[in-house]
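Student: Sequence:
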Amino acid sequence: MSLQIWKVTKPWLEIKCALGEGPYYSKEHNHLRFVDIFDRKLHIVDLAKGPGSLRTIDTGMAVGVTADIKDEHDFILTGAKDGVTKFNLETGEHEYITKLWAESEGPEKVRRMRSNDGAVDSAGRFWLGTMNDPKETEITNEAVLFRLDTDGILHRVLEEVSVANGISWNEKDDTMYWTDTPTNNVFAFDFDAKSGNISNRRVFYHHPDDESYGNPDGHARDVEGNLWHACYGGSRVVKISPEGKLVGEILLPTRNPTCPVFVGTELFITSAQEDEPERYPESAKCAGCVFRVDVGVEGMPKHKARIP
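Residues 1 to 308 (the UniProt record's numbering) are what the sequence shown spells out, left to right.
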């Protein structure tokens, strides 16, 4: 069976993110927002007006992912450097909902770690993966996948993690998918939507162990059950079938795509700076930009976080 191929030749939004990540479509506002983790920025584009409407807010700290909050208009949820915060879109101020690390773990642990990717489940719980902050230290296995319940209690769901990445759920809401970047695996778990508990971990998809494909980063899921996975270092987003098979590729003009998000039948894809600009000058030209491609299928709707 031949692969479906889409080819993107130029950016939709020309911007030089150091580490563009966490694209999120706010249907209520018809806004696309995304973060620059390294430069500590939140970027917002009004899709009715296009790229020229770009607005940028200083986040004051590294933010890896954001989510809408139920019944809130001017605030969003963020997975920030050392905690989950309620972020004011007008003032750029953070209000902590919870810190991630216990005082007993010490300030060095806080310095070494940061939030990475996350998602909200059907009950409004916020799942947040962490990793070592590459600005501070090397990657180890001291990261955690957290779950913030609607009562404000923070749970450590998986420990001894290295780089916790994309999270999604299937249409039946009985399976959770989670990307563990260094192993090149997307794992599936049985998911109890009522309690939020996961079990029966198994490999759903193993990313090609081929340097040209890079490593799996963030992902999005469509209504047909396909998973669309950004390949950091691989110049593409791959389409993975509900059976865990590679069935399509979106080819991009830069090497480091980080995460896709659906807006209707279109994917908007963030990217990061080129690590080796002298070796890959063509990739460097549009590194950090946002790309757009119509893939002919709609994405799964996003859930809003419910916080106390």
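Calculated from the structure, these hints are not laboratory results.
Among the clues, some could well be false.
Here are the computed distance ranges between Cβ atoms for each label pair [to be verified]:
no.	residue 1	residue 2	range
1	Asp275	Thr98	29 to 39 Å
2	Ser104	Lys7	43 to 53 Å
3	Thr56	Asn200	38 to 48 Å
4	Lys285	Glu95	33 to 43 Å
5	Thr9	Val297	14 to 24 Å
6	Gly50	Pro301	36 to 46 Å
7	Thr98	Thr183	44 to 54 Å
8	Glu276	Asn197	16 to 26 Å
9	His29	Asp58	17 to 27 Å
10	Arg201	Lys245	18 to 28 Å
11	Arg55	Thr150	25 to 35 Å
12	Leu246	Gly106	23 to 33 Å
13	Lys7	His206	33 to 43 Å
Computed from a prediction, not measured in an experiment: that's the story for all the values here.
Just so it is clear, CB atoms sit at the ideal spot from N, CA and C, and this is done for glycine as well.
Student: Confirm or reject each hint.
Tutor: Going through the hints against the structure:
1. Between Asp275 and Thr98 the CB atoms are about 33 Å apart, so this pair conforms to the stated range of 29 to 39 Å.
2. Distance hint for Ser104 and Lys7: a CB-CB separation of about 52 Å, consistent with the stated range 43 to 53 Å.
3. The hinted range of 38 to 48 Å is satisfied by Thr56 and Asn200, whose Cβ atoms lie roughly 43 Å apart.
4. For the pair Lys285 and Glu95, the supplied restraint of 33 to 43 Å holds, since their beta-carbon distance comes to about 39 Å.
5. For Thr9 and Val297, the hinted distance range of 14 to 24 Å is satisfied, since their beta carbons lie about 22 Å from each other.
6. As the Cβ distance of Gly50 to Pro301 is approximately 24 Å, the hint placing it in 36 to 46 Å is violated.
7. A C-beta distance of roughly 28 Å is found between Thr98 and Thr183, which places it outside the suggested range of 44 to 54 Å.
8. Checking the proposed 16 to 26 Å range against Glu276 and Asn197 shows it is violated: the Cβ atoms sit about 43 Å from each other.
9. Take His29 and Asp58: their Cβ atoms lie about 20 Å apart, and the range 17 to 27 Å holds.
10. Taking 18 to 28 Å as the suggested C-beta distance range, the pair Arg201 and Lys245 conforms, at roughly 20 Å.
11. Distance hint check for Arg55 and Thr150: the Cβ-Cβ separation is about 30 Å, which falls inside the suggested range of 25 to 35 Å.
12. Taking 23 to 33 Å as the suggested C-beta distance range, the pair Leu246 and Gly106 does not conform, at roughly 43 Å.
13. Taken as a hint, the range 33 to 43 Å is violated for the pair Lys7 and His206, whose Cβ atoms sit roughly 25 Å apart.
Of the numbered hints given earlier, the model fails hints 6, 7, 8, 12 and 13; all others are met.
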